[in-house]
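Asker: Each chain is listed here by its residues.
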Amino acid sequence: MKSKEEQIEIISKVINSTKENLKPLSVNFIFWGSLIVVMSLIHYSIPQFVQYTEYSSLLFWTILPMLGMLFTIVYNIKIRKVLGYETYLNRVIKIIWGIFNLSWLVMVVTSLLNGINNPVPEILFLLSTTLITTGIIIKFKPILIGGILLMLFTIYINFNPNINFLIVNIIGVSLGMLLPGISLYFSKVNE
Amino acid sequence: MNKSIDKLLLNPIRLKIISTLISVSECDFNYLKKITESTQGNLSIQLKKLKEHDYINIEKKFENNYPKTICSITKKGKLKFEEFFETILTYRKTTKH
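From first to last, the protein sequence lines are chains A and B. Residue numbers for the first sequence follow the working numbering, beginning at 1 and rising by one. Residue numbers for the second sequence follow the working numbering, beginning at 1 and rising by one.
Simulated from the structure, these hints should not be mistaken for laboratory data. Model, not experiment: these values are computed from the prediction. Glycine included, each C-beta is placed from N, C-alpha and C at the ideal position. Where hints are given, some of them may not hold.
[Unchecked claim] No farther apart than 30 Å at their CA atoms in a straight line, the calculated lysine-lysine pairs in the DSSO-like style are these:
(1) 78(A) x 23(A)
(2) 7(B) x 78(B)
(3) 94(A) x 68(B)
(4) 34(B) x 81(A)
(5) 80(B) x 13(A)
(6) 51(B) x 94(A)
(7) 34(B) x 94(A)
(8) 78(B) x 139(A)
(9) 188(A) x 34(B)
(10) 13(A) x 75(B)
(11) 78(A) x 78(B)
(12) 7(B) x 19(A)
(13) 51(B) x 81(A)
(14) 93(B) x 4(A)
(15) 60(B) x 78(A)
(16) 4(A) x 78(B)
(17) 61(B) x 94(A)
(18) 19(A) x 75(B)
[Claimed, not checked] Covered stretches of chain B (in silico footprint by chain A; criterion: 3 or more residues with CB under 8 Å from a CB of chain A, positions within the stretch not fixed):
(19) 16-27
(20) 30-44
(21) 81-91
Whenever a hint applies, use it, and build me the whole structure from the sequences.
Answerer: Here's what the structure looks like:
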């Protein structure tokens with residue numbers, strides 16, 4: 001039988017060995033930030049290609065993000081397998097972003113049915129609330145600040161409806177996802 | 001007042017299993033094997049004992065044609081771990097004085 005000190009040491013050692021690893025989350029942020037920025041740049045640079053037909057722009061903005069979702073699902077499952085465990089924090093984040101993906105899909109489909117071509121402000125607002133929630137939960141200020149900046153930016157769009165939504169996407173997603181994602185990737189919380 | 005200590009958790013392998021499961025939502029057999037530094041057979045026996053006492057849940061499934069065991073802690077397991085931890089802390093305090 002182990003002594004009480006040894007038992008406490010066992011508990012402490014085992015709990016400390018199960019680290020919170022936020023690097024996969026940062027990879028998700030960098031991936032999505034880059035994808036949306038690159039897609040927006042392509043759309044902005046060669047609109048004649050993206051808007052070739054009535055529905056090509058819609059297909060461009062639904063098929064590629066859905067492929068992106070598929071990629072991130074496979075990536076996250078793979079990471080989970082490699083680690084061998086899932087912490088409560090990772091589970092909460094997974095649920096939050098799962099709901100975000102579902103909401104995004106519902107917004108795109110309902111916008112299409114209602115004849116709205118550009119649900120960008122609504123999606124960015126949803127993204128900002130999800131980023132703020134994530135930032136608070138993981139206690140990582142750059143993501144929280146990124147989410148707040150994106151929310152302020154979304155409010156600004158509502159007062160300036162003539163602003164180019166692609167520029168909005170590039171600035172908003174860079175501030176809200178890409179830069180905080182890079183910051184999280186190199187953060188000390190992952191060491 | 002001294003509570004009687006949970007004998008099931010006095011075994012170091014079982015204590016390591018419960019300590020791991022208290023800090024994660026779920027984990028697989030291989031991770032537990034690495035953490036407990038025990039053999040496959042011994043780990044299986046200890047998991048079975050914890051399952052019999054309703055301390056943990058064990059889910060068996062197939063992944064790419066390979067069997068996979070996923071473990072998680074039950075409400076009873078959490079409660080028992082908390083009681084155990086409190087008891088050893090109390091013992092330690094009383095022996096120090």
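Asker: Does each hint hold? Answer for all of them.
Answerer: These are the hints, each one checked on the structure:
1. With a CA separation close to 14 Å, the supplied pair residue 78(A) and residue 23(A) stays within the 30 Å bound.
2. Restraint check: the Cα-Cα separation between residue 7(B) and residue 78(B) comes to about 15 Å, which is no more than 30 Å; the hinted pair holds.
3. A hinted pair counts as satisfied when its Cα atoms are at most 30 Å apart, and residue 94(A) with residue 68(B) qualifies at roughly 22 Å.
4. Among the hinted pairs, residue 34(B) with residue 81(A) is consistent with the structure: their alpha-carbon atoms are about 14 Å apart, no more than 30 Å.
5. For the hint pairing residue 80(B) with residue 13(A), the CA-to-CA distance comes to about 19 Å; that is within 30 Å, so the pair holds.
6. Note on residue 51(B) and residue 94(A): the hinted pairing holds, with a Cα-Cα distance of about 27 Å set against a maximum of 30 Å.
7. For the hint linking residue 34(B) to residue 94(A), the alpha-carbon distance of about 25 Å falls within 30 Å, and the restraint holds.
8. Between the alpha carbons of residue 78(B) and residue 139(A) the distance comes to roughly 26 Å, so the proposed pair stays at or under 30 Å and holds.
9. Of the supplied pair hints, the one linking residue 188(A) and residue 34(B) holds, its CA atoms being roughly 25 Å apart against a limit of 30 Å.
10. Only pairs whose Cα atoms come within 30 Å are accepted, and residue 13(A) paired with residue 75(B) is accepted, the gap being roughly 23 Å.
11. A distance of roughly 29 Å separates the Cα atoms of residue 78(A) and residue 78(B); the hinted pair therefore holds under the 30 Å criterion.
12. As the CA atoms of residue 7(B) and residue 19(A) are separated by approximately 28 Å, the hinted pair is consistent with the 30 Å bound.
13. Restraint check for residue 51(B) and residue 81(A): the C-alpha separation of about 23 Å stays at or below 30 Å, so the hint holds.
14. At most 30 Å may separate the alpha-carbon atoms for a hinted pair to count; residue 93(B) and residue 4(A) meet this at roughly 10 Å.
15. For the hint linking residue 60(B) to residue 78(A), the alpha-carbon distance of about 19 Å falls within 30 Å, and the restraint holds.
16. A threshold of 30 Å between alpha carbons decides the hint, and for residue 4(A) with residue 78(B) the separation of about 19 Å falls inside it, so the pair holds.
17. Restraint check for residue 61(B) and residue 94(A): satisfied, since their Cα atoms lie roughly 21 Å apart, inside the 30 Å limit.
18. A distance of roughly 23 Å separates the Cα atoms of residue 19(A) and residue 75(B); the hinted pair therefore holds under the 30 Å criterion.
19. Three residues within the 8 Å Cβ limit are the bar, and the stretch 16-27 of chain B against chain A gives 9, so the coverage statement holds.
20. Here the stretch 30-44 of chain B counts 4 residues with a CB under 8 Å from a CB of chain A, which clears the bar of 3, and the coverage holds.
21. Coverage of a stretch by a chain is defined here by at least three residues with a beta carbon nearer than 8 Å to that chain's beta carbons; for the stretch 81-91 of chain B and chain A the count is 4, and the condition holds.
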